[in-house]
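J.: In the order they appear, the protein sequences are chains Y and X.
Each residue of the first sequence is one higher than the one before, starting from 2 at the first, in our numbering.
Each residue of the second sequence is one higher than the one before, starting from 2 at the first, in our numbering.
Careful: at least some of the hints might be erroneous.
The list treats identical chains as interchangeable, and a pair is accepted whether it falls inside one copy or across any two copies.
Cross-link-like lysine-lysine pairs, in silico, DSSO-like; alpha carbons within 30 Å at most [stated by the list, open to error]:
hint: 1; residue 1: LYS235; residue 2: LYS92
hint: 2; residue 1: LYS101; residue 2: LYS190
hint: 3; residue 1: LYS92; residue 2: LYS228
hint: 4; residue 1: LYS133; residue 2: LYS150
hint: 5; residue 1: LYS133; residue 2: LYS92
Keep in mind the hints are simulated off the structure, nothing from the lab.
Note that the structure is a prediction, hence the values are computed from the model and not measured.
Number of protein chains: 2
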Amino acid sequence: MPAYGRFPSSQYLIIQNRHFLIDSGEGTQMQLMHYGIGIHKINHIFISHLHGDHYLGLTGLLFSMHLQRRETDLHLFSFRGLDEILLTQLKYSSSVLNYKIIFHALTEGKIETIFEDDAVTVEAIPLDHKIKTSGFLFREKPKNIRLDKNMLKEGMLLQHIVQLKSGKDVVSKEDELLYKASDYTLPPKPSFSYAYCSDTQPFLQIIEQIRGVDLLYHEATFTEDEKERARQTKHSTAAEAADVAKRADVKKLIIGHFSARYKDLAPVLKEATEIFPTTSLATEGESFELND
Amino acid sequence: MPAYGRFPSSQYLIIQNRHFLIDSGEGTQMQLMHYGIGIHKINHIFISHLHGDHYLGLTGLLFSMHLQRRETDLHLFSFRGLDEILLTQLKYSSSVLNYKIIFHALTEGKIETIFEDDAVTVEAIPLDHKIKTSGFLFREKPKNIRLDKNMLKEGMLLQHIVQLKSGKDVVSKEDELLYKASDYTLPPKPSFSYAYCSDTQPFLQIIEQIRGVDLLYHEATFTEDEKERARQTKHSTAAEAADVAKRADVKKLIIGHFSARYKDLAPVLKEATEIFPTTSLATEGESFELND
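Generate coordinates for the entire structure from the input sequences, incorporating the hints supplied.
T.: This is the structure we're talking about:
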């Protein structure tokens, strides 16, 4: 339940100029606008599960894209049901969107690559919640080596530079080594990974899949004193989220999806950092950057 | 489309301790919370039509009522379709609300009383929009005369006071006039009326139904320079809304539902006040009071 100015779940993820939206709780489009983020760059939306606090902002966002005269295809990843909900809403509003929504149905309990392009893959992470729920694992593919521009000299031929950039040594017609690729290039930039896990109770099965990711978002609806309630509702406590982060040896943890019973989030954060120190709170408008 | 911090349509109306919600665009529950209004007193929700900006906040609100452990019946007035949308959403979230929603289906194009109790009636106002749309006319019933407490004297019998309050003179057994009711009572307080008309293009048929209301809300999506667009989308201009108010001889007009093209609303207000001076803007958190 939204409380203390906190909104339901939605995250905006940019990887190499790809703009992904993860979940879309009520008010997502207003919050994007509030934080100065245009909606026209979003081409892929991932919805973890069909509880209202994770998707009720989707329809308004899709209509606003329509009003902004979007024509580009939009890819929507979700369990079946969301397609029926959207079609019902479109039917009664007598609306035909002026762009195409391509619906990609998730499969319950299956680790699979649901998106892949030149630079990024997205895997479904089966989670353990009251209804079928999937997390999402975003991985940058290995990157190319880079030219070391400080080493380039005047008079080098373009064809030679292109060859060096692809990692190949340049030799003359007489088989004499002209330039050694390793002298003129730098190693690839690191490839980052981000795992979004919400909503779920602690689920050991995900540990291997998310092992070593640079950034993990794991829900932490409750603190340990509400553990019984966490089990009833299939949510996690802050300590449990931190324990998952520790076992999976991730670099950094973000916790979120806090119950309306917590006005002050300091105790929630404290409970997690005692187990996993590099933990941050996912609060409204907060942004996290992974850079080399 | 929400813009400049403006939210889609929703109004909260209190009449003699009855709490009505009229339309429920995305973010309604957050805005109610923001303005310090509890949601548990709302027992009647009126949805004018099934365009997203008038109902997409409803489901989140209904779920929050559930999470707040509501048990009281909730009455929902809308055209058919909203029931199907809600049932589909409940089905996929595997949720059973712990209170009952009583759905009252509106009839297209029909002026009818859709709600009535001791103190208030609500009539449907057929409107002229792209899909079937209904406004709502809220009327207080005539009120009782009131005791003039300044006139009561010590030693008057309770039974005589009760009789005076009901407007009857008090006479002795010998038929002698003891107290004349008109001396001890004040006339009834005025009964107020409020008409909500959104979305619609100007529709002369409503004039007689809303004639003389104390307060009229009429949509004014555009200004006159966008009249062609107003006709295409079956919306009204500010001048047209003011013209309706003038023809219907209402006491006060509120205009709202402004297009995202208007950042500054002063020209919209000016266009209306030139025709109907007692016009106000419906902006976020604004409240209007009708008191004697």
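J.: Measure nothing new, just compare the shortest in-copy and cross-copy C-alpha distances for LYS133 and LYS150 to 30 Å and report within, between, both or neither.
T.: neither (50 Å within a copy, 65 Å between copies)
J.: Between copies, within a copy, both or neither: which fits LYS92 and LYS228 at Cα up to 30 Å?
T.: Between copies only: 27 Å across, 43 Å inside.
J.: From the Cα coordinates, with 30 Å as the cut-off, is the pair LYS101 and LYS190 best called within, between, both, or neither?
T.: neither (35 Å within a copy, 57 Å between copies)
J.: Is the C-alpha distance from LYS133 to LYS92 at most 30 Å within one copy, between copies, in both cases, or in neither?
T.: both (26 Å within a copy, 13 Å between copies)
J.: Is it within, between, both or neither when you check LYS235 against LYS92 at 30 Å Cα-Cα?
T.: Between. Shortest inter-copy distance 19 Å satisfies the 30 Å Cα cut-off; intra-copy 34 Å does not.
Violated hints for the displayed structure, listed by number in ascending order: 2, 4.
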